[in-house]
Amino acid sequence: MKKIFKNQIALALAGILAGTSAVAGTLVINGDTSDPAPKAAFQAVIDGFEAENPDVDVVYNLFDHEGYKAAIRNFLSADAPDIAFWYAGNRMAPFVEAGLFAPIDDVWADQGLYSLMASSAPGMTMDGKKWGIPFTYYNWGVYYRQDIFENLGITVPTNWDEFIAAGETLKANGVTPITIGTKWLWTAGGVFDYLNLRTNGYDFHMALTSGEIPWTDDRVRATMANYQQLIDGDFFLENHAALSWQEALAPMANGEAAMYIMGNFAVAPLKELGLDDSSLGLFQFPEITPGIPMAEEAPTDTIHLTAGAKNVVDAKRFLAYTARPDVQTAWNKALGQLPTNAGAGVADDKFLNQAFKMLNDNAPGGVAQFYDRDTKAEMASIGMEGFQEFMVKPERLEKILERLEKARQKLY
Amino acid sequence: MYSYWKNNQLKIAPWIFLAPGILMFSLYVIFPIFQSINLSFYQWDGLGTKTYIGAENYIELLDDEYFLVSLKNNVIWLVLYLLAVPAGLFAALFLNQTVRGIRIYKSMFFFPFVISQVVVGLVFSWFYAPSNGLLNVILEAFGFDSIAILAEEDYVTYGIIAAGLWPQTAYCMILYLTGLNSVDPEQIEAGRIDNARGWRMLWYVILPQLKPATFIAVVVTIIGALRSFDLIDIMTGGGPWGSSRVLAYYMYEKAFSEYGFRMGYGAAIAVVLLMIMMIYIATILYRLYRDERGG
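Same order as they appear, the protein sequences are chains A and B. Okay, so the first sequence: first residue is 205 according to my numbering, each after it adds one. Okay, so the second sequence: first residue is 1225 according to my numbering, each after it adds one.
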């Protein structure tokens, strides 16, 4: 009995020792691709990488999408993987400043990304260095009921007056012009972003979100005045403060509302609700102030090299792999989104093609990351709450602007 | 050593039995409380270095309108959540009969407490939904205008409290059912002889015997009111522009949420919540101590 036990212990120890020697070629990745399509898409990327690099063994730790946002704060300092998923712009600032991500300028230089990823480069830069690889982005725009517009003889608006007129026609026919659900706040941020980008331009918007401009500035008031025009004109869905963005899809699907200022992730659920390419369309948010170059919203998802990475060599090989045009084409085809590499191709979908053209050709002003990623986190939550309150109680504009200004002064 | 043990066994043994519990409690409850109080004097984003800023977090709290709204909501919760206690009492009195199948009814009444608070919140947010929620369907059937309770800053807290009362009433009901089982039948007989009935019987004969159950019910309800995080998170995420926030939720938003990187500030809010709870904890412990001494 005792002899057998000793043998078993010896075997176990040998197994453990043998196992540890395989650490050299292991790549640990932590990610949040918990939805079915992204999960399968990224698994394909890993399989492709392992096929090309048989000496590397990829260990992928999958977290739930929302839980990841809390988990990342722990694992980056406690037991860092080699590679982690995250977002671009101000969203990655806390981790860059805390020294938890590592700069990868060499990967950018080797892969020629300075030219191939020119549009997403500003969002990945801090202190003059590059902190990750953007692998996908998705567009925002005005998704609309093409069939309702055609029935009522409304042409796609290209400027503010046409937009208001279109809304008035819709209202006269019993259709709510714009559907929106502000229960979880960020949708109101999207509306504000577009109004600000179109009223004052990309540079002003970036300065405002970086806290350089007071919220009581006249140019901000101009944006809010345009916002108020929509609110006073009953353009938005009633009781939107009690609805999530998914609940706001239903009115658009059954014809009670005609436009949705949203990202392209709304297309799939809308198609499931019965709309198709003939009833659903996309147009770029119309111009407000004439002459300002059009800028677009396109939040970017990224992957990063962590500062605590144990296998830096293989991690950089993986990062270079994900930046390749062919890899990004396949990955984004599966995700239904747009590749950040200008040399990559897009899936053959009406909306993706239109969005790709919109972002590459019709967005000379620049690409914003979305309000809650362009601004400091705490300011973002206060700002979005202010927009939601403004949308329901526009008479409180002064109080809201003062509150935002007070927060800006404290946080910046 | 052994003789010391033999001589003092009666005195030492309780401490030895309590030791593991005391150790766990100190390590996981008491020590973190002091850590949090300490953290509230620092500025820390959870990732980088801590900076000592003294009482600045508290001074900022006084000026923070969100904090004052949360405080007000907490007071409303504390007061209105106690409605669960009499509601539970009446439910228990109602169910305290020996009709056939009464146990099934008791289980159904108890069911809300067993399901997760997240589920309760979800069900009630569908109930309150603006156009096709049950509440508005009923209101419109009677000819009233529909009302989106979770989108109105004046009504949202009351709507959430109503949702929270559903499981809490069930819990109080069970406490009272147990208490009613131990009510002395001889005293009730004596009361009947003295012509006590209905309200007077309830108030003078039965309720005094339910004092322990009432005590526990009130304690648990107050703690539940101060901790009410799940319902607010799932139903409104803090309410239309923060009007349904309570201190527990505000603390989470400032310290742990997607948009919160201020551990020190969150800790300061948590300390305020602790102070409010301390008032009740102190009262309760004093009452318990007095009962143990006297009884």
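Calculated directly from the structure, the hints in this document are not laboratory data. Please note: incorrect hints may appear among the correct ones.
Unchecked claim - Result set (DSBU-like, lysine-lysine): computed pairs, CA atoms no more than 35 Å apart in a straight line:
(1) K333/A x K1296/B
(2) K1274/B x K273/A
(3) K514/A x K273/A
(4) K520/A x K375/A
(5) K1435/B x K514/A
(6) K334/A x K1296/B
(7) K243/A x K610/A
(8) K1435/B x K520/A
(9) K614/A x K1296/B
(10) K475/A x K273/A
(11) K334/A x K603/A
(12) K597/A x K1296/B
(13) K610/A x K1435/B
(14) K1296/B x K273/A
(15) K603/A x K243/A
(16) K597/A x K334/A
(17) K603/A x K1235/B
(18) K333/A x K603/A
(19) K1235/B x K1435/B
(20) K333/A x K537/A
(21) K333/A x K597/A
(22) K1235/B x K610/A
(23) K614/A x K1235/B
(24) K614/A x K243/A
(25) K1274/B x K1296/B
(26) K1435/B x K603/A
Stated by the list, open to error - Computed from the model, here is a short list of chain B residues facing chain A with C-beta under 7 Å:
(27) P1244
(28) P1336
(29) P1354
(30) G1357
(31) E1364
(32) A1365
(33) F1366
(34) G1367
(35) I1371
(36) A1372
(37) L1374
(38) Y1428
(39) P1436
(40) Y1483
Glycine included, each C-beta is placed from N, C-alpha and C at the ideal position.
Legend entry - Non-conforming hints, listed in increasing numerical order: Going through the list in order, the structure violates hints 1, 4, 5, 6, 7, 8, 11, 13, 15, 16, 17, 18, 21, 22, 23, 24, 26, 27, 28, 30, 31, 32, 33, 34, 35, 38, 39 and respects the others.
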